[in-house]
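Engineer: These are the residues of each chain, in order.
There are 2 protein chains.
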Amino acid sequence: MVTAGADRPATPNGPDDSATGLAGGVDGPDLVRRLAAVALEAAAAGARDRGGPVPAGGPDAVARAVRAACPDVLPEDGTGAEAALTAVARALAAGAADPADPLCAAHLHAPPLAVAAAADLTASTLNPSMDSWDQAPAASELERLVTAAVAGMAYPDRPSADAVVTTGATESNMVALLLARERAVAPVRLVCSDEAHHSMPRAAWLLGLPTPVTVPTRDGRLHPDDLAAALDRTPGPHVVTATAGTTSRGVVDPVRAIADVAAAYDAHLHVDAAYGGGVLFSDTRRGLLAGLDRADTVALDLHKLGWQPLAAGLLAVADGTLLAPLSLRADYLNADDDTGAGLPDLLGRSFRTSRRPDAVKMATTFLALGRTGLGRLADRCCAAAEDAAEQIDRRPGLRLLSRPELSTVLFRPVAADRLADRAGDEAGDELVAGIRRSLLTGGRAVLGRATVPGPLGGGRLWLKLTLLNPHVTAADLTRLLDLVEQSADQLVRAPRRATDGTSTPE
Amino acid sequence: MVTAGADRPATPNGPDDSATGLAGGVDGPDLVRRLAAVALEAAAAGARDRGGPVPAGGPDAVARAVRAACPDVLPEDGTGAEAALTAVARALAAGAADPADPLCAAHLHAPPLAVAAAADLTASTLNPSMDSWDQAPAASELERLVTAAVAGMAYPDRPSADAVVTTGATESNMVALLLARERAVAPVRLVCSDEAHHSMPRAAWLLGLPTPVTVPTRDGRLHPDDLAAALDRTPGPHVVTATAGTTSRGVVDPVRAIADVAAAYDAHLHVDAAYGGGVLFSDTRRGLLAGLDRADTVALDLHKLGWQPLAAGLLAVADGTLLAPLSLRADYLNADDDTGAGLPDLLGRSFRTSRRPDAVKMATTFLALGRTGLGRLADRCCAAAEDAAEQIDRRPGLRLLSRPELSTVLFRPVAADRLADRAGDEAGDELVAGIRRSLLTGGRAVLGRATVPGPLGGGRLWLKLTLLNPHVTAADLTRLLDLVEQSADQLVRAPRRATDGTSTPE
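If you read the sequences in order, they're chains G and D. Start counting the first sequence at 20; every next residue gets the next number (our numbering). Start counting the second sequence at 20; every next residue gets the next number (our numbering).
Hints may contain errors.
Claimed, not checked - Residues from chain G that face chain D, not an exhaustive set, calculated with beta carbons under 7 Å:
hint: 1; residue: ALA56
hint: 2; residue: ALA66
hint: 3; residue: GLU95
hint: 4; residue: ALA125
hint: 5; residue: THR144
hint: 6; residue: ALA157
hint: 7; residue: THR186
hint: 8; residue: ASP213
hint: 9; residue: SER346
It should be emphasised that the hints constitute simulated quantities derived from the structure, not laboratory data. These figures come from a predicted structure and were not determined experimentally. For every residue, glycine included, the Cβ atom is placed at its ideal position computed from N, Cα and C.
In isolation and in its complexed conformation, chain G is listed as follows (with noise of 0.2 Å):
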């Protein structure tokens, strides 16, 4: 016979044993308190290592750093929970590239409030999972509110609209055409942009359905005469996909233009706003999804233009009973009798089953700085993508691809163009590739790029900003254009040795 107790400590939250420490119940929030201070010290130490917005030396240094602070990462015997905490937090926060720091600024890939990081930290402390009631009685009822929130933002005038939490703009991109799927008769066929997230045509390969087509953009943007002109060659019934941001120029398709073609084609509209989708909480720039409310599906991410730690994606529904290829009966967790009884029955809100309850996070941002208060955060991104545009306008030595829409701003060095122009394309493109390494692996900018056709972008390559940090000033932006022209002209100067990515020229 088992002897159950022994081998447990008296106290098992109690300063011997935290390690073992459960982070629920009553007293372990304060075991919880307690070591997350320890693992936020060593972040605070982390990142005065580090010095800049990412790590100096590339990514051998790093790789080196993060092996010499866990050298054996599952040891037989473990070190203590203040220990790994410390080794952990504190490499990690040495090698990060650390999206609040203003030089930052190359993805869709946002800084998070404090607020919402402490609001998920007790998410996990207590673990509700969000595939039935009785593992998350009071999560589940706080994301019923967040999501008919965002889906009232969505389609204001829709009372039949609903919203299920993802993991991101590729889920809810995948359950946007699975959803299209299995309303069509026969098999769906994907239109999108060729700027329409690469999850798009995945999805459609993921899901087993025709070959997705690709129509041209022009200046980044969907044409709704390109759209119906594809629309016409091609044998229905379609999924059409809209881009409101567009991961690489941060432009909005004309939404309400494409919602009268697809509507003419009696084809799904799904609209992947997960970048423009944060201005709905401003006045002044809400307007530049005129026409969402018309899409049969949106995917939004609070993660981008939201400001959460990731995960916090939605897909949002026009209509609550497109989710209906969602609902499944399993016993165990909402058995006919129970759903019956009045158990709320959670698990057709998601393709997964056990889930993080990230309506938590989503929640608490919601309430602490209300609508106009996210809004203002959403209008200062765009305002400081405007500043820098102006900025890069003013300097003999930067060229602007174009006048920001959202918080993205593309732009070239005078250099390259030079460059091009003399010795082809290609070896613009490389001093480009280079400026953005260099500042990379010197640890001293983090800056994204993007391969622009068209007329104005001449299929070249082009550094890119994305500016998803509030905080940003002008004062950051100059230094970071002033980072990018010190680069070029070093590299100009001696293109060899810094274009390996791993040389810091000073």
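Chain D: place on chain G using the hints.
Structural biologist: Quick look at chain D alone, frame taken from chain G:
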């Protein structure tokens, strides 16, 4: 011209601006620490309000309490960070089914370790996104170390083994099926038992694969002869799924014998070890999974017997080249010239794009406890199940289904058997379901349920304990079983009053 810098506080992370302060940078961690303390104090207060494993009153009461705390989840103007955190964290905890409470034992819903929750917070503050190196320099190396360690545990003798991080076994199972689909020359057909997790046939549906073949189990287990017969009857190629730890009964299919059959039919073998995989840490119980290393793919969930906050899923593969179908080029994330210059390509590690660094909490927990420390926790859960089984066996009012193999215990009040014999199976099942709902909505205990076919289960409904709390004591289990017997007595005496799921007979 927009004046960048206007409308921005002088001290973005200062005390007067805690709602818009960022989590990252050098100063962010201190703000997070202060806000986390507020949230955790509210969570502890909420746990005291709750006063048990789950709130009393059922869904309507919980929903009312949450709405009272957040009458408008997205107000026009915010309340500030502290008020929002206090309101949401307290409501969340007061309305939680807390797996850290020993009487919350229904599901594969683990109580997280405090050290894992604290580690996950550092991931939230820095927000590495695992889709490119320049968003996650150190986090990607930590993930590499964790996945290598897990692959080594699942496949000790295969240097070619690898693993990827997922949101849980639902995603792992789907990706396993996708990998099998992509290596097959014709549409693969899933062959699995009727005790396989619902996510297996659901993944086949999602991926557009032929209708799966379901093989009835013998005493909850897939028998190799039945599998061979099913493979004989059905044209291939096949994906065979074995389950190492079924959801309803917690039993392990005979993996080694199934591997022999799968090999004879040239089938892809996937093992869903979401539950049982945790005993890989245990010296005494690892043998339960003998043959696991013969699988092509293995699903593991460290948010089960691994005590991580959600999500902490993994898919291990016998050979890393199997992962090739996940590879993808996206110019903005892994351009050829960047990869050529040494920047690691992370995009082929997941179907997702933006991705939370769940490896951070796993790495910290591994370091803190070591393999043997985690093994001891797994052993304690299994020992608690053995203890519960013995206690049930000793009670004349309860009947044990069978000895537990992992940490799941199925049992039934003898009163339900008597009722079934007298008034039909449905009457007995109603009593069992009524006990569960009455304890749940009364706030007293959270138990699971499972309909068990076959001669042993009789097709009847059983109560289920899934013991994932390593600190549960013999006294806790006694208290839990007492509650079940008391509830059975009360319901037999006054069935109508309590089975409506809202009243709380005392």
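Engineer: Going through the numbered hints above, which ones does this structure break? Give me the numbers in ascending order.
Structural biologist: Checked against the structure, the hints that fail are numbers 8 and 9, while the rest are satisfied.
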